[in-house]
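> Single-letter residue listing:
Protein chains: 2
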Amino acid sequence: MQTLKVELGERSYPIHIGEGLLDRPELLKPYIAGKQVAIVSNATVAPLYMERLTQALAGYNVLPIVLPDGEAFKNWETLQLIFDALLTARHDRRTTVIALGGGVIGDMAGFAAACYQRGVDFIQVPTTLLSQVDSSVGGKTGINHPLGKNMVGAFYQPNAVLIDTASLNTLPERELSAGLAEVIKYGLICDEPFLTWLEENVDRLRGLDQVALTTAIERSCAAKAAVVGADERESGVRATLNLGHTFGHAIETHMGYGVWLHGEAVAAGTVMALEMSARLGWISEQERDRGIRLFQRAGLPVVPPEDMTPEHFLEHMAVDKKVIDGRLRLVLLRRMGEAVVTDEYPKEVLQATLVADYRALVDQLRG
Amino acid sequence: MQTLKVELGERSYPIHIGEGLLDRPELLKPYIAGKQVAIVSNATVAPLYMERLTQALAGYNVLPIVLPDGEAFKNWETLQLIFDALLTARHDRRTTVIALGGGVIGDMAGFAAACYQRGVDFIQVPTTLLSQVDSSVGGKTGINHPLGKNMVGAFYQPNAVLIDTASLNTLPERELSAGLAEVIKYGLICDEPFLTWLEENVDRLRGLDQVALTTAIERSCAAKAAVVGADERESGVRATLNLGHTFGHAIETHMGYGVWLHGEAVAAGTVMALEMSARLGWISEQERDRGIRLFQRAGLPVVPPEDMTPEHFLEHMAVDKKVIDGRLRLVLLRRMGEAVVTDEYPKEVLQATLVADYRALVDQLRG
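So the protein lines, in turn, are chains Z and S. Going by UniProt numbering, the first residue of the first sequence is number 1, and it counts up by one from there. Going by UniProt numbering, the first residue of the second sequence is number 1, and it counts up by one from there.
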């Protein structure tokens, strides 16, 4: 087991990473203040792990809350099911909410914990690679609104994060790849040597090699923990974590939530950010192609949806949270392993990036 | 004008109190970061003050958001109207939300500000006495749930509070009295000399004497600011501010939100807390009666609803946020001017308090 600490003053918390941690309740118990525990999961994950986690918490008054599965349910109506269950079971303000599932469950259970009686204790037990390396770290919680993704939410830190790498054994291959998109992202934005490691290990990761997975998760969480510790509320450097997300959110919004997985949209979106960085002359075309190839080897889409026009992108990006007083700030690569957040670019370069022929770009890679 | 400061480290903020402050935008402008401002008000207050505040903010991009009036609308559906308006107008994360109205508007606009894009700037412009002396100070925001009052919300501090005492000139008499319930509360829990001042000035307050109002508001806010500054998240002393609220919430829940005004329920609830404190021998019956008389002179109910049984009270109090692991903690008076939060009392005394004949108690005061 490896343990990282996210440094946030009095709200610092540990991330435990290792195989079989679901069966080690002594890692959770120091973070549960009362007798009441609510485990929030979904209809896919609950049959796999709910009983095991409930048994590990013998002696507590455990309330299982099972939500429908999918990004399409990341909305107020589903969140309300959590409040309904907590209130019906008379959970008081000393209850502890545990998120058992992927990013959607973590975001919703975290937001519910942030709001229930104005805030109760919260623990993350992420079971997907994406949530293990991304959404479980850093305290972003929330739900979608019909007019935009993650538009309603809170910054709310968990008391602890428990990552059982063995839970990836039941994860669909497509979701494993989606998680790798964020792993690759850390290499691109702040850790160039990690890119090289990934190029050497991507097949092992896809083959569920537990040692490689532990390393990748630990290194990803450490990168994110460092960035979040330096800038909890995303006034500066934290925004670099959104590499590919502005383009990616536009893709998700255009396609309808849940049609593309978040990591898939981030991969295609990051390819667009690489293309724009290359057009600005900040990285070379070879470096851009290096990124594209790694995403491809991870089993990810590298081309935006065929029917998306530049107008579609601009329309959806204009309500992105990174818009400051009408200027569109983007995360781009100053060089491989170093991201910047900037609105200082010629508008024509953004336009050229939106109309670029990504299919041709990818075809040429095969040659 | 008087200015208080609520001390909360980097989240400290000023409270400006005085006549005609709505026409002094220079007090607001230092707290507005971007160009976008959303003023959240209701159908009663907006016709009175929305245009004036909008004119004071000439030069900003002002979005008026007018909600239906009343505690019955303090729910998710109404909150959603704020998010809808902000997103439709493409307000970004640098927008500033201003609450213009009473406690319901402050709670909802504050919760919307806490959640919109995970938190935007927030200013309170309370226009009722209740919100001026209570809900605008301290950062409690939220909405009601069908199963309980204020069950969903956030601790979220405003950047500034602007209290124009002249706005009380348009306040219905019944609501002025409801506000006085919280004013009297401060005397009871932490400022015995203020009780004496109130006994001498309650008629002037009800007559809208601006000098007396300014003093009462300033002293109330100072009391609350001191308590909140010492205990922002209500782990200890802050809970004393809830004197009368546990009984009062039960009354509000039983009657249906909005039938009794919050301050009215608090007045009757506080009489019950006085009665229980007297039964415990902590205050004398004369002191209890002193409190009852002051509430009566302020135009407030001092007897719970006739049809409420002890069972009704216990049922509604069991989901109160002050329940810790099944023990019912109550705010009681150790002596006049000193409240305590405690679950150490014989259950029989609570039972006797619930069955006490308050009507007879009040009748005897007339004799």
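Treat each hint with caution, since some may be false.
Unchecked claim - Dumping the calculated BS3-like pairs for lysine-lysine here, alpha-carbon to alpha-carbon at most 30 Å:
(1) Z:Lys35 / Z:Lys5
(2) Z:Lys29 / Z:Lys5
(3) Z:Lys347 / S:Lys35
(4) Z:Lys35 / S:Lys347
(5) S:Lys29 / S:Lys5
(6) S:Lys35 / S:Lys5
Keep in mind the hints are simulated off the structure, nothing from the lab.
> Hint by hint, note whether the structure agrees.
Tested hints:
1. Z:Lys35 / Z:Lys5: holds (26 Å)
2. Z:Lys29 / Z:Lys5: Holds: Lys29 (chain Z) and Lys5 (chain Z) sit about 17 Å apart, inside 30 Å.
3. Z:Lys347 / S:Lys35: Holds - the C-alpha atoms of Lys35 (chain S) and Lys347 (chain Z) are around 23 Å apart, at most 30 Å.
4. Z:Lys35 / S:Lys347: It holds: about 23 Å lies between the C-alpha atoms, which stays within 30 Å.
5. S:Lys29 / S:Lys5: Given that 30 Å is the threshold and the Cα spacing comes to 17 Å, the pair holds.
6. S:Lys35 / S:Lys5: holds (26 Å)
In the structure shown, no violation is registered for any of the earlier numbered hints.
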